[in-house]
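Participant: Take a look at the letters that make up each chain.
2 protein chains.
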Amino acid sequence: MSKGRLYIVSGPSGSGKDTILKEVFQKCPEIFFSISSISRPMRPGEVEGEKYHFISKDEFLKLIDDDMLLEYNQFCGNYYGSPKQPVLDALNCGRDALLEVDVNGAAQVRKVMPEAVSIFIMPPSYAELHRRLSGRGTETEEVIGARMKTALQEIGRACEYDYIVVNDVLSEAVDDLIGIIRSQRFKTERQINIINEVLKNA
Amino acid sequence: MSKGRLYIVSGPSGSGKDTILKEVFQKCPEIFFSISSISRPMRPGEVEGEKYHFISKDEFLKLIDDDMLLEYNQFCGNYYGSPKQPVLDALNCGRDALLEVDVNGAAQVRKVMPEAVSIFIMPPSYAELHRRLSGRGTETEEVIGARMKTALQEIGRACEYDYIVVNDVLSEAVDDLIGIIRSQRFKTERQINIINEVLKNA
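Protein chains in written order, with numbering that gives the first Met the number 0: chain A, 0 to 201; chain B, 0 to 201.
Bound-form chain A, shown alone (with noise of 0.2 Å):
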């Protein structure tokens, strides 16, 4: 049995990448999807182990001078990361796994797995991610410029990934993002089993 492949997404605010990737997670149950650690108190309708495992700092300090996490990152005073284990075990098993994590997140997976497939998720224009990122119309411009900037900044890191998949229609991104994930299966190096197989009778 081949490995499974690492795949690794990220997408501004304003990508939708949040709402594609829960619709193939409800599409594709065969994915490993990676569950964040994460430092900060559970917030109001959160749940343990569904988006994140809430941990303490001290928890999350040991898990990185135990090298545990393929990477992490400090927000606000908290820590976010991505625990190795359970996505070593799923590629292990044959099984692929998908990590979102941001655009620093991903340049540190990609140094310690360089055979990591990276999808970037862009928005179709400035004009839709601006009017995405303004929401209900009830944010000042200040707070909307400083939201644009964030994004503008990831987008311009965009080249850094394999692949970009444009969230214009949201199925089709979908779509998109499932095709470019079943395709690696075909990858030569992932079908070896199948040739030795037919000529192994030979």
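What the hints contain is simulated information worked out from the structure, not anything from laboratory work.
One copy or two, either will do: identical chains are not told apart, so a pair holds if it fits within one copy or between any two.
Derived pair list, reagent style DSSO-like, types lysine-lysine, alpha-carbon separation capped at 30 Å: (1) Lys199 x Lys148; (2) Lys21 x Lys186; (3) Lys148 x Lys186; (4) Lys186 x Lys110; (5) Lys186 x Lys2; (6) Lys26 x Lys2; (7) Lys110 x Lys83; (8) Lys50 x Lys83.
Given chain A, put chain B in place with the hints provided.
Facilitator: The following block gives chain B in isolation, referenced to the frame of chain A:
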């Protein structure tokens, strides 16, 4: 506009390659299918320009001399080859192009266009290959054995390809091949325009 991508598709007799490509051709009219030039006379039922351009041996030799072919082979005294210019024209217009060639032709094309993506179509098993090559049961074991030998020699070179599609269920193999081609369109080097488009307003 980014350039199109060249796909090289091979598969032994018994892989079902021709049937697959016929369906891909119908489903994906945006792909340019290269028509081979061939120096043998037209057979009953064949139509000029459908699967082949029929030209004289002298004309073929001139194509070789003028470096007008992406690849060529000689088989039973006849020349077969893929004209270069129509493929380059398609790629320059942003169209994907597809070449159906044998393993030797594929190796030749890779040398001159290393960016080409190559796909090998496989039968699902030795037993199924034997069944398909046995035809309607009217062939001698000697004929079948010779066909098997040729097919297995080609399969032995499958690892030279980027992707391997197993043709067990025809419709799935067609979707798999189309999926590989479509997913390549999301490669970052082909999405630079959209990145620039979004960023230029920033």
